[in-house]
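Those protein sequence lines, which keep their order, are chains W, D, S, V, F, A, H and C. Heads up: take any position in the first sequence, counting from 1, add 1041, and you land on my numbering. Heads up: take any position in the second sequence, counting from 1, add 1041, and you land on my numbering. Heads up: take any position in the third sequence, counting from 1, add 1041, and you land on my numbering. Heads up: take any position in the fourth sequence, counting from 1, add 1041, and you land on my numbering. Heads up: take any position in the fifth sequence, counting from 1, add 1041, and you land on my numbering. Heads up: take any position in the sixth sequence, counting from 1, add 1041, and you land on my numbering. Heads up: take any position in the seventh sequence, counting from 1, add 1041, and you land on my numbering. Heads up: take any position in the eighth sequence, counting from 1, add 1041, and you land on my numbering.
The set of hints was computed from the structure by calculation and includes no laboratory data. You may find that some hints are simply not true.
Covered stretches of chain C, going by a simulated chain A footprint (3 or more residues, C-beta under 8 Å) [unchecked claim]:
1. 1112 to 1123
2. 1164 to 1171
3. 1193 to 1199
4. 1249 to 1255
Just a sample of chain D residues kept apart from chain H, beta carbon distances all over 10 Å, derived [stated by the list, open to error]:
5. 1080
6. 1081
7. 1121
Treat the numbers as computed from the prediction; the structure is a model and nothing was measured. Each residue gets a CB set at the ideal place from its N, CA and C atoms; glycine is no exception.
There are 8 protein chains.
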Amino acid sequence: TLDNACLDHQRTLRTGIPEVIFGAGKTPEQIISIASAFLKQNTILLATRVNEEKAAIVTEALPSLTYYQEAHMLTCNEQRESPDNYRGYTAIISAGTSDIPVAEEARITLSTLGHPVKTLYDAGVAGLHRILNHSSLLSAAEVIIVAAGMEGALPSVIGGLVSRPVIAVPTSIGYGASFSGIAALLGMLNSCAPGVAVVNIDNGFGAACMAEAINRI
Amino acid sequence: TLDNACLDHQRTLRTGIPEVIFGAGKTPEQIISIASAFLKQNTILLATRVNEEKAAIVTEALPSLTYYQEAHMLTCNEQRESPDNYRGYTAIISAGTSDIPVAEEARITLSTLGHPVKTLYDAGVAGLHRILNHSSLLSAAEVIIVAAGMEGALPSVIGGLVSRPVIAVPTSIGYGASFSGIAALLGMLNSCAPGVAVVNIDNGFGAACMAEAINRI
Amino acid sequence: TLDNACLDHQRTLRTGIPEVIFGAGKTPEQIISIASAFLKQNTILLATRVNEEKAAIVTEALPSLTYYQEAHMLTCNEQRESPDNYRGYTAIISAGTSDIPVAEEARITLSTLGHPVKTLYDAGVAGLHRILNHSSLLSAAEVIIVAAGMEGALPSVIGGLVSRPVIAVPTSIGYGASFSGIAALLGMLNSCAPGVAVVNIDNGFGAACMAEAINRI
Amino acid sequence: TLDNACLDHQRTLRTGIPEVIFGAGKTPEQIISIASAFLKQNTILLATRVNEEKAAIVTEALPSLTYYQEAHMLTCNEQRESPDNYRGYTAIISAGTSDIPVAEEARITLSTLGHPVKTLYDAGVAGLHRILNHSSLLSAAEVIIVAAGMEGALPSVIGGLVSRPVIAVPTSIGYGASFSGIAALLGMLNSCAPGVAVVNIDNGFGAACMAEAINRI
Amino acid sequence: TLDNACLDHQRTLRTGIPEVIFGAGKTPEQIISIASAFLKQNTILLATRVNEEKAAIVTEALPSLTYYQEAHMLTCNEQRESPDNYRGYTAIISAGTSDIPVAEEARITLSTLGHPVKTLYDAGVAGLHRILNHSSLLSAAEVIIVAAGMEGALPSVIGGLVSRPVIAVPTSIGYGASFSGIAALLGMLNSCAPGVAVVNIDNGFGAACMAEAINRI
Amino acid sequence: TLDNACLDHQRTLRTGIPEVIFGAGKTPEQIISIASAFLKQNTILLATRVNEEKAAIVTEALPSLTYYQEAHMLTCNEQRESPDNYRGYTAIISAGTSDIPVAEEARITLSTLGHPVKTLYDAGVAGLHRILNHSSLLSAAEVIIVAAGMEGALPSVIGGLVSRPVIAVPTSIGYGASFSGIAALLGMLNSCAPGVAVVNIDNGFGAACMAEAINRI
Amino acid sequence: TLDNACLDHQRTLRTGIPEVIFGAGKTPEQIISIASAFLKQNTILLATRVNEEKAAIVTEALPSLTYYQEAHMLTCNEQRESPDNYRGYTAIISAGTSDIPVAEEARITLSTLGHPVKTLYDAGVAGLHRILNHSSLLSAAEVIIVAAGMEGALPSVIGGLVSRPVIAVPTSIGYGASFSGIAALLGMLNSCAPGVAVVNIDNGFGAACMAEAINRI
Amino acid sequence: TLDNACLDHQRTLRTGIPEVIFGAGKTPEQIISIASAFLKQNTILLATRVNEEKAAIVTEALPSLTYYQEAHMLTCNEQRESPDNYRGYTAIISAGTSDIPVAEEARITLSTLGHPVKTLYDAGVAGLHRILNHSSLLSAAEVIIVAAGMEGALPSVIGGLVSRPVIAVPTSIGYGASFSGIAALLGMLNSCAPGVAVVNIDNGFGAACMAEAINRI
Ligand SMILES: Nc1ncnc2c1ncn2[C@@H]1O[C@H](COP(=O)(O)O)[C@@H](O)[C@H]1O
Ligand SMILES: Nc1ncnc2c1ncn2[C@@H]1O[C@H](COP(=O)(O)O)[C@@H](O)[C@H]1O
Ligand SMILES: Nc1ncnc2c1ncn2[C@@H]1O[C@H](COP(=O)(O)O)[C@@H](O)[C@H]1O
Ligand SMILES: Nc1ncnc2c1ncn2[C@@H]1O[C@H](COP(=O)(O)O)[C@@H](O)[C@H]1O
Ligand SMILES: [Mg+2]
Ligand SMILES: [Mg+2]
Ligand SMILES: [Mg+2]
Ligand SMILES: [Mg+2]
Ligand SMILES: [Mg+2]
Ligand SMILES: [Mg+2]
Ligand SMILES: [Mg+2]
Ligand SMILES: [Mg+2]
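Given the sequences, and given the hints that come with them, work out the whole structure.
Pasting the structure below:
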């Protein structure tokens, strides 16, 4: 029944970002079938939330695809980094080491589009010196993506230090009253620092799309 | 006990946006006392969530302040519109007429900072032609703020049509299962359109701060 | 202890729709035992939420049953399509490819009852042209079922375009703040378009029952 | 700022139901201004959620409007009952006396459109004989609207007795763990009877729109 | 570390009901160790929420224990049915076939204590005749336990028909907006019928304890 | 529109408890009209949740009614205490002084029906000696009603001390994370003591109905 | 009915902290009656959540009581500051000016008990220098109480800087997705800094009790 | 990508408690890599939430580590018990046997730091004598940690008996309306006993950190 599916091939023209395969509930066969349709158009291919097991089957069938294990992503037809198309670089910060996979989803999405990126991982608020020691990375960025779980306080701290837009990504890291990312999500939505906006829990991909929309010339 | 309050006078230097008075839980006397401290510095003054009754008392004591009734805001030392400081204009869209006060909070915040703004109100998804008929207003904007209550679907529709960043503001308009804006908030966080990020329910001010951070040169 | 079970064999007489086996928590043996009771009555048999593993055991024991893998359904004694019993056809729309299994649960339920159906899959709001290009499918339908996950905005958009009733089915597709379909459910309950009513999350079967109740002469 | 509002005057053409004024958050002055725009078009006027105090101001300015106190509605240019345009009548049932205002919102909406209606109020499941004694009213109806608060069980009971579509309206009647209608809403969404679909809490108006979409020829 | 555990051996003396082993999070070894301590006292032994896999290991070590598969319970030193100790019998009703395991947890608990019990399973509100046809079973009971999932409406219907106490047990049967039994729980807490009280979701054991407390002479 | 209301005059015959007027959302005029219908039948009259202001108007019109201010109840045709109809007395315990109004709603309901009652108020778990000092009141009771807000721990403590049934009534007393009684409700539903069942938040009336159903011979 | 109330006069002996009057739901008359009972014992009197209107009536009847308007508290028989009974002082920090009333509830409670206190108000994470500039106040304290609303990030930042225990008090300050303090509460419960524990939303009194228990020799 | 991780090696200096490895989402390889970095510093090593399978791999690679199976922890370089550094001992109480793993997480954390500890397990409120019989263990402690699931009432009971600080740890033990520890969490936050503060659900580690902060000289 994927035959009556309407892929949105004009999405890049309208929005600057191609349609992307959401791999979560799909079988490897479904991913192969949709990916093949994309490859025929010779456009950038991005698939998110593809676990290792599925990825092995897909890349065996479509060997031109690259798999990023930590980001759970498949890509093809990646762009080279093209600084001329962007106002600057996007800094991606993670609060803990456990938040890195979400940060990586953002990084792979951006670098596949040719968007310049710098990263700083494991720099949470329980040890403030880590973020204060890297203030130039933050202040020179055009956009800042911050992935944090548990109490999700890092975007507020960074938002109070810089004038560029902060895209906050709550992660589902934590347990108990973190409620799979709700605590971090609510914290970020209530940030008392200016210039912070929020995407869905674990949505590194969505944060990258917002950064692309902001930074693309 | 406001005597031990630490106003953050350097916030504009760090973040580009001045500290702002959150009027919701304060007495008119507290607002007057904090506003006076700001006026002494001769900087832009913004107070949000000041109802009419409080505003009457405050403006009697401090007649240099202007009150915006629909936005529930007090301002002073407004900047003139200064297009040279911005990459373009911010478009502010409201889904229904009931969402206009939130849209106005964003508009007054931006215009007080000198940020160029255009508006389109009452253009929700139940009558799609309204948004399709104004596509040039959207496509020429540098940033788009969309305020919507109830199902909060408008940011997804707009996000699918444009390449510039969309800042979605859920409003508390609705009843029953709208849960004072939760339905709209969740809808926006789950937007399947690229380039959408979200601020708190009814947070027109926060949307404006994000637009300022993005659009300011 | 299924011996003291009271199957409701008169349900078709009262409601026009037979009792249906809810397969979710049942063992294959329990399904076989209840299905056999139905087969003795020679009536339409429908079982929902039967996974592949269980279905293999059941169909081995009862080979007259058909299994629909994507819909997770078992059927027997299906009716032929009987347009004379209906005012028109039901259109089933899915927002994404991931929502197709829910749409298929509705489709198999209806076609088993002899109800005429047409489908349009993967036509979500992030690419509006997909739905606008098929407006005649919508406007000629007697009833429209719309399955959508994530922000669940498609029923509002369709409800604003047509005069026939829209049955909205939220799906559990999404992650994070989709809360397994709550975001879509709330969006649909708050639809600002007229003529939209909602069934439970992932309840393709319930949407089909409502369509049958409306469309049956 | 209502000047930039885009009223959706073509909504009746597209959907069969005119745009309606949502009075909840509006001042009397705003209602008068929008209502006047409608009156100029000489079309049916419906305003919902207008309390008595506002209604007094509005009807003084626009004396052609009628106010329905229990339904909290204002109407103008009502249609006469026109059975030829409908397949039959809609039965409106309320579970308790406290649910009557919601039922009345549905009744006034339908009768203003010319839709034939019959009512049965205060017939909840704690005294089943009340509904069983009126079974002919139910079985002869084309559509049944059921408004119920607290546990919201009445739509399930009625759905198990009839073959016509049941539109369930949860009401906010109750206290404590009724959570302003959530208990009733969830009960109705989980109805194990076939042919039940649900609208928002207290949304008598939305139930009427769905009934109109189903019953209108 | 179970060594410092304080088993509450006097609980029967104080409350009439022995301490019971909650098997859910325990290893088979822990269950064996606690059960052995009970067996040494030669008292009634009840263990709840013991899955088949664990039960196999426990009963191999302690062959005097009986395992009830559908109820997920282990028992030892069961009492014979002793009508003289009770005012009458307890009727246990289940709404669907899927709710039977919860009803069985109540039944095994009661019969192990010697409490007289009668059952009626699969008699939900979508087919009211099933409950009306067995009214004498209900009216002659001293206590009625009703297990129901999905919308949980059956206790309200029964509570409106009888004068004896109804103990309502919400079950986690359902999906989507049933939220693992919350819909049924809320429905039962909001019952508009008199003489209904509620225990935790799936808590057949707790319902039995309440019935024992009521019915024991 | 109360004219089409179906009062359930046979409820006492079926359930032992008369239909009761739920005063919360009703105007004084509506209460007077329904109460008059009851008075004509010369049966026990109970109205709950009638505030002082409404009560003044109602008792002026119907002077035979008695108003209980703390319980917010109106009664008429009260029964005398009739120990012969009951197995024993019901003990009503409140955890704090703030929970007394809910306890009083239970007491007035029971005493109006002629049910013997004893009370112990302000005996919460933070000072355990208060409950331990009154153990004979507890152990001699036939049924125990316990009203508690905040953490709602008192029913667990009492349930661990006695063998008679405990009806737990969560109250909305508390603030913050008490969530208007949810904390107490959840605590009571999860009681690890045997013989505890729960009614809705603040539902003193429902607790009394359950006690009546248990204790009535 | 306060006559059967059991005041817990031995609470100071057992717990070091006297029973305290929770004024929220009480009438002035009830407060006067309970306060008089305390005054007869000549012990410290504390009443929380007494609004100005009630306080005026109470202090007129009992002029020996002092009212603290910002803290909404009444006190009597206050202790003098007694450093010898304490290991050191408690520092009370508020994140914003709006959180001061909660901080004051803690301060008045402690100072009434004779507990040494220092305060620093309006030092939230959006302007980190404010807290970094007062690090000696923090590092010299024996206990630190931190009141914060909105995202509630301040306890995490402080917990990462000091070795003494931090008692986090979420406040209900905020709007929208702050959900009256839930966002702050969850943030604090998920703090990734060591040595942080949490009390109820707005519970300045509870924070003070915990500080007293820790700091009292 | 762990290469850019910033371990916070100065955390002990600042907070008295070393950075700890949160093992939940990490692979054994990641744990080995971070643990090795710690071992090079020769400091106390603590890793929490390491399941048996992962622990086997880690301890094979790093044989100097000790695994505590019930606590799910890995440790190295443990301190000897050092009473001179502490004001007294911490008592750790569990309500049920099922809560022991959480209590053990606290115990191992403390004993690894050299903190003196005593334990009392399985002493819940359904059998009060268990806690009353050990009152000297409680009254002689400097700090008391109480782990409880289900209704979480034990901290309130203990808080009402002692003057030392109680750290309440809700556990996820329970089912249905325990909502994985929410019921216990809310109960503890609403404790009406003085001197109780709360950490996250199942956060034995956090409770130990708070006890360390309080008790360390
Ligand atoms: N069981 C636990 N609960 C809460 N926090 C923890 C736990 N175990 C470790 N941590 C904290 O988690 C942080 C490490 O997070 P990450 O960098 O994501 O591994 C450290 O700062 C620890 O203090
Ligand atoms: N990780 C992701 N998070 C949110 N949306 C996504 C993600 N990956 C893909 N999508 C969107 O999901 C849509 C595809 O949904 P479907 O048709 O169900 O596969 C595309 O429009 C993508 O833009
Ligand atoms: N997918 C489904 N969603 C909702 N209800 C269903 C579904 N499948 C079957 N049912 C209903 O579930 C009932 C059977 O429940 P049970 O007796 O527990 O098997 C029948 O009355 C069906 O109408
Ligand atoms: N299915 C059940 N539901 C609720 N409580 C139970 C259940 N089974 C046992 N219990 C109670 O759980 C307690 C034992 O808890 P634990 O010490 O953790 O094993 C006993 O007091 C029992 O009364
Ligand atoms: Mg880290
Ligand atoms: Mg509009
Ligand atoms: Mg798609
Ligand atoms: Mg009624
Ligand atoms: Mg059934
Ligand atoms: Mg008290
Ligand atoms: Mg401030
Ligand atoms: Mg135990």
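Comparing the hints with the structure gives:
| no. | hint | result |
| --- | --- | --- |
| 1 | 1112 to 1123 | violated (count 0) |
| 2 | 1164 to 1171 | holds (count 5) |
| 3 | 1193 to 1199 | holds (count 4) |
| 4 | 1249 to 1255 | violated (count 0) |
| 5 | 1080 | holds, 17 Å |
| 6 | 1081 | holds, 17 Å |
| 7 | 1121 | holds, 27 Å |
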